[in-house]
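Participant: In the numbering used here, the protein residues as written are 16 to 520.
List of simulated lysine-lysine pairs, DSS-like, C-alpha gap at most 27 angstroms:
1. LYS180 / LYS246
2. LYS354 / LYS246
3. LYS180 / LYS502
4. LYS502 / LYS246
5. LYS246 / LYS225
6. LYS180 / LYS225
Distance windows between CB atoms, simulated:
7. LEU189 / GLU127: 52 to 58 angstroms
8. ASP136 / PRO156: 25 to 31 angstroms
9. ARG116 / SER295: 26 to 32 angstroms
10. PRO156 / SER253: 26 to 32 angstroms
11. SER431 / GLU492: 47 to 53 angstroms
12. ILE488 / LEU189: 36 to 42 angstroms
13. GLU501 / ARG330: 29 to 35 angstroms
14. GLN119 / PRO231: 50 to 56 angstroms
15. ARG330 / SER68: 44 to 50 angstroms
16. GLN396 / SER68: 48 to 54 angstroms
17. ASP403 / ARG233: 39 to 45 angstroms
18. PRO190 / GLU240: 22 to 28 angstroms
19. PRO423 / GLY371: 30 to 36 angstroms
Treat the hints as calculated values from the structure; they're not laboratory data.
The structure presented is a predicted model; accordingly, all values stated were derived computationally and were not measured.
The beta carbon of each residue, even a glycine, is placed where N, CA and C say it ideally should be.
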Amino acid sequence: MTNRWLLLIILSGFGALASAGELVISAVDSSGESVWARFEVRAADGSMFQPASSLRDSTSNPRPGGAPWYIGHFTAKEPARIELPAGEYTVVAERGTEFERFEQQVRIDEAEPAQLQVRLDRWINMNERGWYSADFHVHRPPDDTLTLIEAEDLNLGVVFTMWNKRDLWEGESLPTNPLRAVNDRQLISLLNAEDERGGGAWMFHGLSEKLDLGVPGRWFPIGLEFIERAKSQRPEGSDFPWFDLEKPFWIEAPIVMALSPPDSIGLLHNHFNEYGIHASSAWGRARDEEAFPGNEGFVRFTLDLNYRYWNLGFRIPASAGSASGVLPNPVGYNRLYVKLDQPFGVDALYRELRHGQSFATNGPMLFFDAVQQDDGNTAIQIEVESRDPLDRIEVVANGKVIRTLAVPEGATSYSSELAIPTGNYSWVAVRAFAQNDETIRLAHSQPAWLNGEWDAREDAQYFITWIDDLIEISESETDRFATEQEKTTVLDVYRRARAFYESRR
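Work out the full structure: start from the sequences and follow the hints.
Facilitator: Structure below.
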């Protein structure tokens, strides 16, 4: 949706303030106060322009299947000056999920420098409703991230300062305060680590001690070892360190789920990009592209893996993360919203993620409630609000779409009440898709757990086949392990996980 507010002043003879062919750009909020915002200035030929002194993401790389616009963005608060040749430009300004997006064509003439001030208004205020946001996967420098959570209107950014052999604290003591604040409702956490090697990516939030992740082996020691080391730091009754399984298709994900289940699992992960879907499983479990074709198929594949775990009784909440600094995403693009009945705080947010109401989104806002009734039905209430027109809303139970709700053409809000038979299902959730030509924007609720029965034998067999394939590859690849003992140790772990799923078949 294009922001309705635009102030474009064409200034002749701007002289000392701006030379010919210069655009001066800034953003204000609804009160007229200057605010941090993320900008794109695109020429007709696709080239992009940035001020020399602006905050940029210099480490993300473009990915196949999406436009490169994110790579050329910049973040600024004070008026940013950009030298431009004469011509037509597309100017984009954003301030996170809860603000209107601005997009406008602007002409720059060499003889007539221009000043552009954009007003960015909220279309929703989630904090006022008691909901607070978090991005569980940030790879930007801490100082930059403090600015970026303000620019993207995010409440919590989880910054990874330990990542394989990269350690921000090398040679230093860990900080006594693991949090840094913009204000009392915008924080970043710092003592977070990611083990990302052959088996997958395992993310640990709120460590009290370092994890020595700088091991040479891609497959050994197995990631499960670092998971157990992290969990050993957790005092009784604490949520920290919190273990997030970053994506469900990592090749050792079924091993981890069986033997040391995570506290959350990535549903909207870093392959959901602002300008495209990175429709690849990387070095994880490849999808059947005939059964799951294209971007829509990739999204169904990754969601279906979450559903299989829920079918097997894993009551693990969905998480969301953007991997800004690695994948072409702004901080907070994929984010969680968690409902709090108390002031915002990190402890409260994680506690309610485990036990309360939450949803993952990169677009719509989704409010969902399910109540089992004495008549054998479950009453469901759904409310969706969206910046962009809604495409469809689906009720999902045990991985099956059991209702597709008709959304009026062009509608940006929707509400409904319905009932489903409880006895047929062990969980129900709702997902809402917004219209978007460049990527897939959706919100997904956490599952509501029901008393119905579900036969999960097919789901168990799915992961048995997965592990059998993993065992076969591990036995046949001669260079996967440094010694025969390493291979034996890892294969023993795989077989223990296989026995877990065998017991549920």
